[in-house]
Amino acid sequence: RVSAGVVVAATRTPEFAAPTVPTALTWDAPAATPGQQTTAYAASTRAVGKLTARIKRGPDRVALLVERGQHYGRIGKGEKALSDFTAALIKGNTDPLLNFHIARAALLSGNAALVEEHLRKQRELTPARPECDLFEARLWLAKPGILSQNCKQAMTALDKAVALDSTNITTRLLRGYAYFANNKYAPALREYQAVLARQPDHARTHFYIGQALVGAERAAEACPYFVKGEDFAPTKARWYMKKYCR
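Numbers 5 to 250, taken from our numbering, label the letters of the sequence shown in order.
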């Protein structure tokens, strides 16, 4: 079966087994619900307008270029984000993650060579930060191909990212997904529970836990999680509840 651009290996779980890949080329961590994603998009669109007005009044305020570039990235405008970050780099901006921002914008713009160049520079500048490893993992998990092989590559990067920062919700969410996609339900559940420990109302994670419990043949325990995950995936959650929750 093909799901979200990757070939999904057959599992024992139902037709809705594969969760939405939490690696789409979004700028920040995947939203817990579609509504939150829509809200964030609208907020970034407004922010771009306000920042544009401020930059026109003071064009040398390079920190504003970085801020606007990130908002452009959040609404999927990679070329505009790349333009802002490049201008900030030329003007001598000192943001410690500027090369990382450029790599993300280059990805949205389809410039693979630039992605590699600035990821390498960022790793040289900040070897003890997890951002590049997390970004690499998202690239692997979103890449078309054999999911089990992609997950193996992603897991190497995720292990490094967790070692550097075990509190990052996106890292733990992605590592849970990688485990789940390879039918390793117990470690997937540990990762998802780590996310809930920091963000108890994260609807996406509740839904993923429900799916992992079904995969582990513990469907009776999954019902409360599907209830709390319904805001993330209403149709799928209701399907599971109808099938397993009596």
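It is possible that some hints are incorrect.
[Claimed, not checked] Below, simulated EDC-like cross-link-like pairs (lysine to aspartate or glutamate); rule was C-alpha separation at most 16 Å, straight line:
(1) LYS54 <-> ASP32
(2) LYS125 <-> ASP163
(3) LYS232 <-> GLU221
(4) LYS156 <-> ASP169
(5) LYS247 <-> ASP205
(6) LYS246 <-> GLU225
(7) LYS156 <-> GLU140
(8) LYS188 <-> GLU234
(9) LYS247 <-> GLU225
(10) LYS232 <-> ASP205
(11) LYS95 <-> ASP64
Hints listed in this document are in silico derivations from the structure and should not be mistaken for laboratory results.
Status of each hint after checking the structure:
no. : hint              : verdict
1   : LYS54 <-> ASP32   : 21 Å, violated
2   : LYS125 <-> ASP163 : 21 Å, violated
3   : LYS232 <-> GLU221 : 20 Å, violated
4   : LYS156 <-> ASP169 : 20 Å, violated
5   : LYS247 <-> ASP205 : 24 Å, violated
6   : LYS246 <-> GLU225 : 14 Å, holds
7   : LYS156 <-> GLU140 : 12 Å, holds
8   : LYS188 <-> GLU234 : 23 Å, violated
9   : LYS247 <-> GLU225 : 13 Å, holds
10  : LYS232 <-> ASP205 : 8 Å, holds
11  : LYS95 <-> ASP64   : 8 Å, holds
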